[in-house]
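Student: Based on the hints, put chain E in the right spot on chain L.
2 protein chains.
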Amino acid sequence: MIKDMKWWGWGDPAFVFPMDEKPLLWPFIQKTLGLADDCPKTPPVERNAVRLPQQKLNADFMRAINGFLKATQIATDDEQRLIHTYGKSFPDLFRVRRGIVDNAPDMVLFPESHADVEKIVPAAKQFGVRLVPFGGGTNIVGGVEHLDHSAMRVTLDMRRMNRVLSIDRESWTATIEAGVPGPKLEEDLQALGYSLGHMPDSFEFATLGGWLATRSAGMQSDQYGKIEDMVVAMKMVSPAGTIETKLTPKSSAGPDIDQIICGSEGTLGVITEAVMKVHPVPEVKDYHGVLFPDFESGAAAIHEAISRNASPTMFRLQDIAETGLAFSMKKPSEGLSGFVQAQMKKYLKAKGYATPCLMMVGFEGEPDYASAMRRKVLPMMKKHRGFHLGNSVGKTFQKNKFAVPYLRDILMNHGCMVDVAETAAVWSKLMPLYRAARDRIQAQFKEEGYPGYIGCHISHSYVDGASLYFTFAARQIKGKELEQYYRFKRLITETFMQNGGTLSHHHAVGYEHRPWMEREVTRPGLTLLRGLKKTLDPDGIMNPGKLIPHEGANPDAPTPSTTVP
Amino acid sequence: MIKDMKWWGWGDPAFVFPMDEKPLLWPFIQKTLGLADDCPKTPPVERNAVRLPQQKLNADFMRAINGFLKATQIATDDEQRLIHTYGKSFPDLFRVRRGIVDNAPDMVLFPESHADVEKIVPAAKQFGVRLVPFGGGTNIVGGVEHLDHSAMRVTLDMRRMNRVLSIDRESWTATIEAGVPGPKLEEDLQALGYSLGHMPDSFEFATLGGWLATRSAGMQSDQYGKIEDMVVAMKMVSPAGTIETKLTPKSSAGPDIDQIICGSEGTLGVITEAVMKVHPVPEVKDYHGVLFPDFESGAAAIHEAISRNASPTMFRLQDIAETGLAFSMKKPSEGLSGFVQAQMKKYLKAKGYATPCLMMVGFEGEPDYASAMRRKVLPMMKKHRGFHLGNSVGKTFQKNKFAVPYLRDILMNHGCMVDVAETAAVWSKLMPLYRAARDRIQAQFKEEGYPGYIGCHISHSYVDGASLYFTFAARQIKGKELEQYYRFKRLITETFMQNGGTLSHHHAVGYEHRPWMEREVTRPGLTLLRGLKKTLDPDGIMNPGKLIPHEGANPDAPTPSTTVP
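Heads up: the sequence lines are chains L and E, in that order. For the first sequence, the positions run 1 to 565 when the numbering used here is used. For the second sequence, the positions run 1 to 565 when the numbering used here is used.
Here chain L stands alone, though its shape is the one from the complex (with noise of 0.2 Å):
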């Protein structure tokens, strides 16, 4: 049922990153970082050599939980308290590789029903523990792991929440467990005919709860909208009681506590069920490559489509870089096949797509709406120099959307840092930054003397905006890599800020984030943060140090994970 990646590294245990299928690859990637063919191996430590540090128990905590959870609901192994110390930022897989676990949780419950969650946090409350929920573990920004030492550490692990509680036909709309992760819930709704649409690149490990938690964006948010436009009503239990939000359309009674808990990371409650809009499963997924000589082009193309009503199920384009990347991880084909790519490669070269930027679009629905889309969309696309490749493209990226994580532990494992940042910003501001950011990262690179890797792609498109999602790569440089990735973190995230760009689009704030948010919302946007958590979390019992710096903080102060040696 519960389905935990490696301790060590991204996904399945079991899962091996097809890198012979793939021959261009790792040449492309030797070339673009500089790597030697006998540069480091720097493998994760033995299991066996990983020390958790001792457990803080706080008795009367462990009395309570005992009158009312089974015996199967409470974890204090080892095995569990190290799954669940880290999320999955390239600090914590930097961090869990050698062996550093100090902010291991001393205990991982596993709530089974709303109402357990109802007796775990009042007790938690009572006794001074510290909470943190906890979904499936992908989140790159600090959310799931514990900071506050002062007192006994609790991880909610929430996946054995998992069910459909009830659907709705007429209102297609679900009420569902936070705790059930993205392959149990579409299958669960899939056998009722209903989907819900959201595949975020965490889709495999991650739960509803950790999405709402943390404003997750699926592939398909151009149609079914980011998480927090699906949800139509929630129940959160806080150290103030239980939240539950009204099952509304839309109301005008007061502010939108939905939009309260959504991005509220686990600091004010968790999140137990939630009622979501679900769509009957489309019975078309049509996706389509696209190939523009430029990134600016297929930016314009995106644009001019979307708002004029002509907006698919997804749009998502890659920059010369990472088209690149794309491209080399194609197999190369043999015989006629090949000798016709070959052509069409030399055709395309010299109708200007020399270095060309790939799109994916996609076109979901009743046969009719699809294709109704197709035919409106395409033509745009061409109008923007948009070359269609067809759909075997298409085939190709729904085949391996999921696998392209795996690829950053096969680097970590040669000595280089990866990692992703993205943002969203209006129209008018999101060409130049994205130039700023590609062109800082390079600078930097240049700057520090080594070759490294940034690419981009817009995943997420709106009338008034569109989000940029960067994924940049070097060699790390020996003894300081986590003061060379956060040199890059830094960088790349003042650049978002100081060229209109938010804080993040998509993945949330977590610790990481935390120095940039006064600026994000405005001082007195913080102090109604701050006024959210003391009311509803006076004791802070909950995620502490996550989202809302410290009063009084410093926002230059270095990040958690910086301080680890």
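Hint data in this document are derived by calculation from the structure and do not stem from the laboratory.
A pair counts as met if it fits within one copy or between any two copies, since identical chains are not told apart.
Pairs of lysine-lysine residues, derived as DSS-like cross-links and limited to a Cα-Cα distance of at most 27 Å, are as follows:
#1 Lys376 with Lys285
#2 Lys382 with Lys345
#3 Lys534 with Lys125
#4 Lys533 with Lys125
#5 Lys31 with Lys478
#6 Lys346 with Lys330
#7 Lys478 with Lys41
The structure presented is a predicted model; accordingly, all values stated were derived computationally and were not measured.
Tutor: Same frame as chain L, but now just chain E:
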């Protein structure tokens, strides 16, 4: 620049409702409400009979504002105090028509810039002065009335802050001062080639800031969204400082502060500016009438269309009673066209449309888009037995849409109670809720022994549900007019709450809906709202007594207006 409404009623003092052009209307009303030809006339008192209460002026505050405001920005005269005493609910008009204005402000200020507001709010905080922000004064839930008699009461008339500050033609966003009323907003935007597309019944008088503070919904919300869906960023001056939210299409940097400000009804601060999504002025505005044999068929047609991506700019479906009222406003045709209409009526009656329900459906945008949507939507209407009346009815609707609210003044001149109540629910609850509310009010008329009117329309539709907008009217019970009114108001609100409706879909809470807030948001939800208030307005100077019930308040306690003799 500032177009005040009648002090004793709705709208432009110069406008006369064209009763003479509608010879069927008054007989229809007389019959429906049982009004005799010689029914009592109940005109408002003469203006000079209205005695404003004695002013309570805080000398320190006066000195402070005289230091930074011009004399023309400060009004203490009775004319301004009277005009700013109330909104336009039935109890508001009932009281002002009798000259009851105990809650008049002591002073009205006219800020001309964000900077003015940033000086006024701290001065009010310093000297304990109560502030009520005032836009068009169209609120019908008590939103602009001063309730706190313990200190000087100042109303901020925002309507001099009425400029479009900038437009971003690439991102389709405009930065707009919050005090701009609908007509000037559209005029200024349209001069630039853009439109906001927000046209609620209050359009002619209400302001952007008022709409945002109350989560207003315009007639074209199916295409452009409710006002809270159109907002990109905001500035709000709170007693704890100015919150400026991030200009970004979407973010995951914490709870959505825009969605906290929207619906805060002036209780947290004064909205001074907003960045709004705008769109090019639609080339086509094509409105059609469709007749349904009953309300359920029309609702099913809307539901199918909107869930199959056939979502026009507006669906507005009137029930039998409201359609009867609408038809009574038609000028009877004479000669040949009268003959044709009579034949048509016979034909429709024979086909099952004896007591029909009228739907208005609108298509706006680029010509291709609007006509494609029309070709998609109208056949779906037909499938649900919709009889297409063509677009002449649409033109009549467009012409008359802002005249109807004037009718209430005529009824109040003839001893009648008239008011509206609205809600929203998911589709599975919508028709049962509709029938429950209609039947409950009809049963009450019967129980009280006089005829009455209750009509309803669906005006805002979503994939997961829709809103219901009721109008009810009856003869007043002399000497017990407010008790009678509140009996009906409570009955219908209770029926909403017991049948899965929200407390309000777009009229907000004010003090009229406050007693139900705990049931709407749960007790911990109320704790959260109180925490917001305490954080941003610890001294309680901002619009006291609105939105959030006092801690320990008796939910059944009478609202302020029932205590008026």
